[in-house]
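Colleague: The task is simple: from the sequences and hints, build the whole structure.
Quick mapping for you: the protein sequence lines, in order, are chains A and B. If you count by full-length UniProt numbering, then the first sequence holds residues 1 to 264, one letter each, in order. If you count by full-length UniProt numbering, then the second sequence holds residues 1 to 264, one letter each, in order.
The hints are simulated quantities; they were obtained by calculation from the structure and are not laboratory data. As the structure is a computational prediction, the values presented were derived from the model and not from experiment. Do not rely on the hints blindly, as some may be mistaken.
No copy is singled out in the list; a pair is fine if it fits within one copy or between any two copies.
Said to hold, decoys possible - List time: in silico DSBU-like cross-link candidates among lysine-lysine, alpha-carbon distance up to 30 Å: (1) Lys141 with Lys244; (2) Lys181 with Lys244; (3) Lys244 with Lys134; (4) Lys126 with Lys244; (5) Lys181 with Lys39; (6) Lys147 with Lys126; (7) Lys254 with Lys36; (8) Lys126 with Lys181.
Number of protein chains: 2
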Amino acid sequence: MRYKITLAYDGTNFAGFQRQPHMRTIESELTRVVNKMAKNPDPAIVIYGSGRTDAGVHALAQVVHFDMPFNLTADNMRRGLNSMLPMDMEVLKVEIVSQDFHARYDVSGKRYLYRMDLGEFRNPFKRNYTGHWKFPTDVEKINQAAKDLIGEHDFSSFVASGSSARTHYRTIYEAGCRLDKANNELVFEFYGNGFLYNQVRIMVGVLVEIGSGTRPVDDIQRLYRLNDRRAARRTVPASGLYLKHVYYEGDDPKHPTKLPKRQR
Amino acid sequence: MRYKITLAYDGTNFAGFQRQPHMRTIESELTRVVNKMAKNPDPAIVIYGSGRTDAGVHALAQVVHFDMPFNLTADNMRRGLNSMLPMDMEVLKVEIVSQDFHARYDVSGKRYLYRMDLGEFRNPFKRNYTGHWKFPTDVEKINQAAKDLIGEHDFSSFVASGSSARTHYRTIYEAGCRLDKANNELVFEFYGNGFLYNQVRIMVGVLVEIGSGTRPVDDIQRLYRLNDRRAARRTVPASGLYLKHVYYEGDDPKHPTKLPKRQR
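Modeller: Below you can see the structure in the form of structure tokens.
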């Protein structure tokens, strides 16, 4: 039986999604719990995620799949996982899916959120949940510049070294920013067919600098032309980044898959 | 020079306010930093807090005082402390006060907040910042019952064992609850001349049970008559409790001190 799991996690105390020896990761916690539920079968059950998140990055709705050697109702699977998972992970939804479904290969898009605290001082309650930007910022300028992100572009100036992607072309469907006055935060949101390593954190770094006037409002076009990672400079902290939604083929008829499977 | 310090802290990773050997506490972090700033004088500088908070309890505005053997402007003191304190503590305000001022003895009142998450499932982002109550709750019933808390009462049924207070009489000026729909939380607020050990967490436990119908709405009057700690049962988790404000003589002319100095 193949299970599709939608889960939230507070990334603060994880060394990211991907399994690493001697490190607490999302993948290793899930692998441990699922194999324990199945009484440690040999070979062990493998967890497939929609993609990695870095250390400190949060998920409001990450998606993984795995195969169980026996049948449980979706509801009992959710209850079982939640009773055994640590408190900083929570399974939100369990679906029984066909053997064709693959949490990574079938992704058609992802949506990310970035929360940037604007407080004059660092806020001890927000340190793990936001980035911090203390310069006056013009949200309209940010949204004007963000329009240049929309569409298919070569994002070579917006990828961290260490990326193994074979192409840096990605398509962004939505990119914008709003001021959350109640929390004194900028909230950025990006929806695209896929994102490169650190791409969202680099885009937010460029956008806040545009918003504060240290870059011209058309600087994103210059960065496309430069094709040089160093030009974008700043990578904002992982703590403000949230994976908000993973789209699968058919989820959003307006934006069917455009990326070759290996590149998602 | 005597300094009055108002500070916020995320209590998650502290073993409470009070100094304890080999434990990370608010008092020990402050003591370390202040003595380092003063180049470790002998005798060491002592920190006086307005009162303790338990492990996991947060402060939006705790108050302490200490004496420095030299003079710094309030602004430089704030900057200096914040540059040396850990990220889960933040000095919000520094005031230079007379040698008469005492952070504990001069307290005239305290205000506490309690955040109770109402989500069906535990939320991994809220586990350290709220309590959790998953039963249907009537806020009007809670507010009706909370009126019985207002005034001077013997709170013996609302104090945890281990209290060393000489009297259990306290006066509550304000007690109430509102539904924060955006966050799906009950937010309780209490203002009084002083609170006993665990009193707020026990009062909230009684109030949510009243709100969910497992206690009658006039149960607080019965608890006053019983004078028995065991009758109140539940102590809600420390994670939802925030020290919101400490009042000193003169801060609130409507409510001057009523408690003998030793009992605050």
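Colleague: With 30 Å as the alpha-carbon cut-off, assign the pair Lys126 and Lys181 to within, between, both or neither.
Modeller: both (15 Å within a copy, 21 Å between copies)
Colleague: Is it within, between, both or neither when you check Lys181 against Lys244 at 30 Å Cα-Cα?
Modeller: both (21 Å within a copy, 21 Å between copies)
Colleague: With 30 Å as the alpha-carbon cut-off, assign the pair Lys244 and Lys134 to within, between, both or neither.
Modeller: both (25 Å within a copy, 24 Å between copies)
Colleague: Between copies, within a copy, both or neither: which fits Lys147 and Lys126 at Cα up to 30 Å?
Modeller: within (29 Å within a copy, 34 Å between copies)
Colleague: State whether the alpha carbon distance between Lys181 and Lys39 is at most 30 Å within one copy, between copies, both, or neither.
Modeller: Close neither inside one copy (50 Å) nor across copies (42 Å); limit 30 Å.
Colleague: Should Lys126 paired with Lys244 be assigned to within, between, both, or neither, using CA atoms and 30 Å as the limit?
Modeller: both (18 Å within a copy, 17 Å between copies)
Colleague: Is it within, between, both, or neither for Lys254 and Lys36, if the alpha carbons may be no more than 30 Å apart?
Modeller: neither (40 Å within a copy, 61 Å between copies)
Colleague: How would you label the pair Lys141, Lys244 (within, between, both, or neither) given a Cα cut-off of 30 Å?
Modeller: This pair counts as within: shortest intra-copy Cα distance 24 Å, inter-copy 37 Å.
Of the numbered hints listed earlier, those contradicted by the structure are 5, 7.
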